[in-house]
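Asks: As a plain string of letters, each chain reads:
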Amino acid sequence: MPKTLYEKIWDAHVVDQRDDGTALIYIDRHLVHEVTSPQAFEGLRLTGRKVRRADLTLAVPDHNVPTTPRLDADGKPVPIADPDSAAQLAALARNAPEFGIRYIRATDREQGIVHVVGPEQGFTLPGTTLVCGDSHTAAHGALGALAFGIGTSEVEHVLATQTLLLKRSKSMEIRVEGELAPGVTPKDLILHIIGHIGAAGGNGHVIEYRGSVFENMSIEGRLTVSNMSIEAGARAGLIAPDEKTFAYLKDRPMAPKGADWEAATEYWRTLTTDEGAVFDASITIDAADVEPTVTWGTSPEDVVPIGGTVPDPMSFADPSKQAAAQKSLDYMKLTPGTKMTDVTVEHVFIGSCTNSRIEDLRAAADIVRGRTRASNVKSVLVVPGSGLVKYQAEREGLDRVFVDAGFEWREPGCSACLGMNPDKVPAGERCASTSNRNFVGRQGPGARTHLVSPAMAAAAAVTGRLTDIREL
Amino acid sequence: MKAISKVSGRAIPFGRKNVDTDIIIPARWLKTTTREGMGKGAFETVRREAGNVFDDPEYIGAPILIAGDNFGCGSSREHAAWALLDMGIMAVIAPGFSDIFSSNAFKNGILTIELRQSAIDRLMEVAAAAPIDIDLDSQSVTTPFQDRYEFQIDPFRKHCLMNGLDEVGMTMAQDDAIATYEERLTQEKPWQQPVMR
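These protein sequence lines are chains A and B, in that order. Following this note's numbering, the numbering of the first sequence begins with 1 at its first residue and continues without gaps. Following this note's numbering, the numbering of the second sequence begins with 1 at its first residue and continues without gaps.
If you're looking for bench data, these hints aren't it; they were derived computationally from the structure. Since the model is a prediction, treat every value here as computed from it, not as a measurement. Glycine included, C-beta positions come from ideal geometry on N, C-alpha and C. Do not take every clue at face value.
[Said to hold, decoys possible] DSSO-like cross-link-like pairs, simulated, lysine-lysine; straight-line CA separation at most 27 Å:
| hint | chain 1 | residue 1 | chain 2 | residue 2 |
| --- | --- | --- | --- | --- |
| 1 | A | 327 | B | 40 |
| 2 | A | 3 | A | 50 |
| 3 | A | 257 | B | 189 |
[To be verified] Take a look, some chain B residues computed to stay more than 10 Å from chain A by CB distance:
| hint | residue |
| --- | --- |
| 4 | 37 |
| 5 | 57 |
| 6 | 61 |
| 7 | 126 |
| 8 | 130 |
| 9 | 143 |
| 10 | 164 |
When you get a sec, could you build the whole thing from the sequences and use the hints?
Replies: Below, the structure written as structure tokens:
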């Protein structure tokens, strides 16, 4: 019986199959951050339970950490000003050693956003199951891991048992053949896909991205795509591991080495969907139809090509969508018919687990070189995804490019993607953001977000408005 | 988890579609190390709207929430479920839910009931005037006006909800099966673990 990649990984992780369809699934890797774990550790403490496999668990602070310098002139850690953020960070710093879990400190060079750190450290491996109390765990599917976000009760369940009780999802194939046109990036593609299937289009499914476009895409690009699977409702995305995946992982600190590496790659090569395997749903997209894409509303499905205009709410067939679109436009303070390239922005954010890897920073820097921040743009934050990305970017001189243009070069973390740290977009102001959610209030109460690629964000920073990078 | 078999009372006719968990509980309310007290921040941005249903005295303390499709999309924050519980919500009725929210709600003993849009439309009407009854055992939603809608629920979840079972404890009882799996994994894929080399 031919199997999909998802079925292969699922079947390899069944500890116990119940008659009612629920299965006990083994979890190979568990990433922990400070926001969704305190109540889970507290639960273990109250019941006297231990962490079953601390060696398969990695803790990193990322959501609350400020992106300003973390050490003072004397090399001492700078205290966190917000007492609630400080308490949450302190809880992780205390819980990890108490339960024997490896903990990367905010001041370590390896620190970063969990979804940047996992692949970068070789913690994420093809064919493994990987979870984290964060919906963007879907990102790790770019390496062929079955990776998905979980709630805090499930975090506690995994800590205690290294398993989860799950029902198998349905499978969806999204096939994109052809070639992306110049100026069209993986971010544009995933925004286009979400617009095509809708914010609920992937509910109940695991998406496998297939076709030449993904085969030719870099690992960084695949991480961007798989990361936003959740914005289409899919709990996980998957891309079959290939030579690019192996080249990316080889010699990473936690990846197998020597004979183990040979054995691992031999297994990983079997991780493809078999010829004739059947998906519950199949979507085909022509790469040629994808243009540089931006969002206009407050759901990631609210997308339009950069050459387009703000839509008229009445143009949607579904009455509930008409009402939602009107509410979104009121919040975004946009008028139907306005050209997207006439929309001006006061802020630009380049960062988040979607777009903060070295390739993203290079793409942004390529646009910025020789240009400066537009006068109407009040702030441009460039927040690398990890200390190692930051170090690499500095070796390449990218930090100078950004600083010379009047951008701020920051320390790694989740930052203005959700503003749990001091990085927020002020109420009523507009931001071109490389992050993943344009929800109401996401980047700060009253903040207006347009999701874009790193190159488009950089272009908006130097022109002061949403911009078609092909015309720059 | 407390056992739950029936939820009866007024229902908040919210009805909105694609309600993300940032709407249910904004990020600034997540900076806590406990599960309590999050009702204060629930639907904060919606509550800024004049005439919103959450501040309508008619629905204060209502145990049921009626919403549009894709309720609970976005962030995996279980704080969304905790915020609903803190508001006194014990059941949400919608045409569809995000997978992660639905699971988080279940772990906290909140029923997520999927009904087709036409049923939602009718219940929105009823909610304005009368209470609604949800019976988990018979898997039905009924109104004083003889409306009756049956819903589907995963049998395992139903069993856990009706008996108030502790899932972690149940799984820990399967320790032998987990240990056997781990032994096999170590033999078949020794390269995969331990992570810390």
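Asks: Hints numbered earlier in the text: which of these fail when held up against the supplied structure?
Replies: 2
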